[in-house]
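Chain residues, written in single-letter form:
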Amino acid sequence: MTAELSRIRNFSIIAHIDHGKSTLADRLIQQTGGLQAREMTEQVLDNMDIERERGITIKSQTVRLDYKASDGLDYVLNLMDTPGHVDFAYEVSRSLAACEGALLVVDASQGVEAQTLANVYQSIEHDHEIVPVINKIDLPAAEPERVKAQIEEVIGLDTANAVLASAKSGIGIPEVLEAIVKYIPAPKGDRDAPLKAMLVDSWYDPYLGVVILVRVIDGVLRKGQQITMMQAGTQHLVDRVGVFRPKIEIVGDLGPGEVGFITAQIKEVAQTNVGDTITETKRPTAQPLPGFKEVQPVVFCGLFPTDAADFEKLRESLGKLRLNDASFSFEMETSAALGFGFRCGFLGLLHLEIVQERLTREYDLDLITTAPSVVYKIFKNDGSMIELHNPADMPDPVYIEHIEEPWIEAVIYCPDEYLGSILKLCQDRRGIQKNLTSVAGRAQVTYELPLNEVVFDFYDRLKSISRGYASFDYHQTGYREGDLVRMTILVNGELVDALSMVVHRSQSEARGRHMCERMKDLIPRHLFKIPIQAAIGGRVIARETIAAMRKDVTAKCYGGDISRKRKLLDKQKEGKKRMRQYGSVDIPQEAFIAALRMGDEG
Amino acid sequence: MRSATVPGPSRSWSPPASEADGRELAVYVHWPFCVSKCPYCDFNSHVRESIDEAGWREALIADLRHEAALTAGASVVSIFFGGGTPSLMDAATTAAIIDAIAALWPVAPGVEITLEANPTSVEAARFAGFARAGVNRVSLGLQALDDASLQMLGRPHDVAQGLAALDVAQANFGRVSFDLIYTRPGQTLASWQAELQRALGFGTEHLSLYQLTIEPKTRFASLHASGKLLLPDEEASADLFELTREMTAAAGLPAYEVSNHARAGAESRHNLAYWTYADYVGVGPGAHGRRRHAATVRTMKPEGWLAGVRAAGHGIAEETALDAPTRGQEALLMGLRLTDGIDPGRFEARTGVALDEAIDPQSLAELRGLGLVAPAGGNLRLTAAGAPLLNAILARLVAG
Ligand SMILES: Nc1nc2c(ncn2[C@@H]2O[C@H](COP(=O)(O)OP(=O)(O)OP(=O)(O)O)[C@@H](O)[C@H]2O)c(=O)[nH]1
Ligand code: SF4
Ligand SMILES: [Mg+2]
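Chains F and H supply the protein sequences, listed in that same order.
Residue numbering for the first sequence follows our numbering, starting at 1 and increasing by one per position.
Residue numbering for the second sequence follows our numbering, starting at 1001 and increasing by one per position.
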């Protein structure tokens, strides 16, 4: 199977979300005959249900294509389709590490956006050759020439080799294939050197067990070989070597420059570290690869089963999900209000949403999600430091010397007309402006922001004030001290632990008022009036009152139909079961979710 | 009066005093037909081109016969013709049914025989006939005292016709009640006050004043869902309810039940049977009954019910034995509708559960603390403040 190095091209397709990467991949697969027309679906590589439903890519996918170029020679192209959303940026970085070049897809009507920049810079860091593909030129609003100019001005990338294409209508596809062969360099590698391969990704497949995606650097990887994972220090026997076309094809071996997969009777994904170096046990390489930066969850929230009896099912389901997504974490947590559940860590809010949705759908669980929060560092008077994942665990302020919170650097890219309101939003969220430029009607602003201001509802707000035109990218820059306090919510004098949150003192009053108003709308009237208070320590900072119910009685008697009244009573009692009791107040579960979403106004 | 069938002093019958309580029976007869369907109505009522009255008469009597065989020894204290619009029934049919009941059961002296009537001129013209058949109480569906509202409610009569019918009714029957629907779209406190004041001026002994509720699967429900029908909100509705209670009390017809108001002694005996959880027999389509710890419900659809009676000799679709806790629950749901509430002794005798065991003690204490349930001692009853909150109170109070 081993292809000659000079005939191999390894490339990632990178872009901002929705610019058409997966659709372009479809066309490349189709053109090279990887799939028959009847086997094609749109974005055929997005094979997870949730990817298909949302029309986005979450996991990178690799496909090996055979292509006869216009020079008459046969080439092997390894295509890696990557996700565009910032939460899955680590997927992009892994793919890029396994390639020599990238197709930079840019939507001809949208132009350069935040993830375009973030991903292209990553690619440049790898010294990649980049071929710009100006996509969607079929759209009436397409302005390929302006976008080309923008790429030159903003990214500083030469667009002489750019291809104008429409992945949807199949325009420019032969040109893209030719450009890949022509501009993207062939991999280098030494076939006779000791085996050195990069563990690019791994996942659990119900039929194959753990599947490992590899990129061979030097040497040859073959079935029956005893391999060592250098970082993990484990040894395995390779029992299968193959490639994706995109269907699985078993091959004898993989040589230098090639991308493919192996299985080695590994039971759990957790036993494999992405970025690890795979070598031959009896003739190991002297120099392991540098490895990948580890991904750290940045957003945390509690997940609780609506029905306490589902706790074990939730634990199992989280375990199963983690088999295929090592990037989220979970540990058990208890809440006076919500009972037993898990505190889970995610790469971002979309990641959170997706895990939550998969739990609900694939595992049929009803969940309550608590407010997203970040990891705070609490420095105590006694010199110790604890990492706070859950606001409910915050120690008494008298023991706290100071608190640090994570900050990010955010790059926002938007049409000039929305700049004013976006700057205001950043300012309101304690942002510190670092940079502001504007080229060709599009502004780029860089802000430092506390992450906790962003996990809340920043993204939703940004989208709504820019009517969806602003794009946003961020990376964490470290911890800084902040005047942070824990705000609690009291309903009828009872503390509702699931609603506790850490906020900056300057924001506490507004946030508290907002929470009280929300809860006022979300808790139904009771037979008595219910005060709702937001407090910091013992001090109440905001208050609302739910008036007592005034009328709830069935006027009619309906002859002697008592069964009807009993049904109503059963319904009421059923409804009560779906509520959480705080003292004598029943809070509907939807209230927690809705209060914490804070979608409308922050 | 038809001396032949109506029990009067000439009939020598007296209830066996020892078990009178358990052996009093109310009989409900459902006539499921109306000339048109009112848009708010979710009663089991149907519009039919033509009705085979003789067939219906026979079937209703057969259905009664089935019940009589199972309630031997009980005496009938009330007969109620409900619907639908039973005033569309032929008076001869009414007479035949009353006769049949009197033949099947002993009938208590002073038995109350009520007929629901719509106040159209056609029906009013037949009131004398109903009186001759033995009906001694009429419940008139007046519903509103202004034409625009009657139109909105889709009623087949106007105010003038309604009031004329009321006059005829009061002339023909010893006892008359009428219904009004309030908390109508756009109704203000002032307009209802005027309307109710006028209603109280007719000197009628019994008023059923229902707040308009939107029932699923009615035309009002779809209008309501699409925002084309707006009802007064909870506050306004509570104010209207309070005003109604104040005005009726002042006029000497205090509320004795959530929606029913009467001069002392003029309460509907029939409805009291439901609310005090007495035994009642229900015949005709969709009628409900409670007989000796069993709940009966009859086939809803008129044609289905008729076929059922012809095939099986009764129209019962479902008969369910009620265990003691369920009976307790039912007695609570009904009994707390009454201003006088529930008598613990009677409750236990009727249901087989002690009242204390049927309710959640902690909630009871809370509700008393809130002033919604009257203090301990005597009947279990809601206070004036608790009355408009009955459903929410029951949800807390009923044990289990
Ligand atoms: N008009 C037009 N629409 C296109 C073209 N290419 C892709 N699209 C549409 O753009 C949308 C996004 O396409 P995808 O291929 O899923 O985009 P993506 O870049 O893979 O998105 P993510 O993986 O979520 O980052 C889909 O609705 C496509 O049908 C094109 O050339 N022309
Ligand atoms: S007349 Fe009475 S039973 Fe008939 S449809 Fe109208 S409200 Fe319903
Ligand atoms: Mg995609």
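Treat each hint with caution, since some may be false.
[Claimed, not checked] Under the rule of at most 25 Å between Cα atoms (straight-line distance), these lysine-lysine pairs were calculated in the DSS-like manner:
1. H/1217 <-> F/556
2. F/148 <-> F/168
3. H/1228 <-> F/565
4. F/148 <-> H/1301
5. H/1037 <-> F/565
6. F/565 <-> H/1217
7. F/267 <-> F/59
8. F/223 <-> F/247
9. F/168 <-> F/247
10. F/188 <-> F/148
11. F/556 <-> H/1301
12. F/567 <-> F/556
13. F/567 <-> H/1301
14. F/576 <-> F/565
15. H/1228 <-> H/1037
16. F/520 <-> F/573
17. H/1217 <-> F/573
18. F/556 <-> H/1228
19. F/571 <-> H/1217
20. F/567 <-> H/1228
21. F/565 <-> F/577
Derived from the structure by calculation, the hints contain no laboratory data.
So, going through the hints one by one against the coordinates:
1. The suggested pairing of residue 1217 of chain H with residue 556 of chain F holds, with an alpha-carbon distance near 17 Å, which does not exceed 25 Å.
2. At most 25 Å may separate the alpha-carbon atoms for a hinted pair to count; residue 148 of chain F and residue 168 of chain F meet this at roughly 20 Å.
3. Distance hint between residue 1228 of chain H and residue 565 of chain F is unfulfilled; the C-alpha atoms sit about 28 Å from each other, more than 25 Å.
4. Taking the CA atoms of residue 148 of chain F and residue 1301 of chain H, the gap is about 73 Å. The hint is violated against a cut of 25 Å.
5. Under the criterion of a C-alpha separation no larger than 25 Å, the hint pairing residue 1037 of chain H with residue 565 of chain F is consistent with the structure, at around 24 Å.
6. With a C-alpha separation of about 18 Å, the suggested pair residue 565 of chain F and residue 1217 of chain H falls inside the 25 Å cut-off, and the hint holds.
7. Distance check on the hinted pair: residue 267 of chain F and residue 59 of chain F sit about 21 Å apart at the alpha-carbon level, within 25 Å; holds.
8. As the CA atoms of residue 223 of chain F and residue 247 of chain F are separated by approximately 19 Å, the hinted pair is consistent with the 25 Å bound.
9. For a cut-off of 25 Å, the pair hint linking residue 168 of chain F to residue 247 of chain F stands: about 22 Å separates their Cα positions.
10. The hinted pair formed by residue 188 of chain F and residue 148 of chain F fails the criterion: a straight-line CA distance of about 31 Å is larger than 25 Å.
11. Using a Cα cut-off of 25 Å, the hinted pair residue 556 of chain F and residue 1301 of chain H holds, with the two alpha carbons roughly 21 Å apart.
12. About 15 Å separates the Cα atoms of residue 567 of chain F and residue 556 of chain F, which keeps this hinted pair within 25 Å; it holds.
13. About 21 Å separates the Cα atoms of residue 567 of chain F and residue 1301 of chain H, which keeps this hinted pair within 25 Å; it holds.
14. Restraint check for residue 576 of chain F and residue 565 of chain F: satisfied, since their Cα atoms lie roughly 17 Å apart, inside the 25 Å limit.
15. Proposed proximity of residue 1228 of chain H and residue 1037 of chain H is supported: the alpha carbons are some 19 Å apart, at most 25 Å.
16. Distance check on the hinted pair: residue 520 of chain F and residue 573 of chain F sit about 22 Å apart at the alpha-carbon level, within 25 Å; holds.
17. For the hint linking residue 1217 of chain H to residue 573 of chain F, the alpha-carbon distance of about 23 Å falls within 25 Å, and the restraint holds.
18. Distance restraint check for residue 556 of chain F and residue 1228 of chain H: the Cα-Cα separation of roughly 23 Å lies within the 25 Å cut-off, and the hinted pair is therefore satisfied.
19. Pair hint residue 571 of chain F plus residue 1217 of chain H holds up; C-alpha atoms about 18 Å apart against a cutoff of 25 Å.
20. For the hint pairing residue 567 of chain F with residue 1228 of chain H, the CA-to-CA distance comes to about 28 Å; that exceeds 25 Å, so the pair is violated.
21. The suggested pairing of residue 565 of chain F with residue 577 of chain F holds, with an alpha-carbon distance near 19 Å, which does not exceed 25 Å.
This entry does not satisfy hints 3, 4, 10 and 20, going by the numbered hints stated previously.
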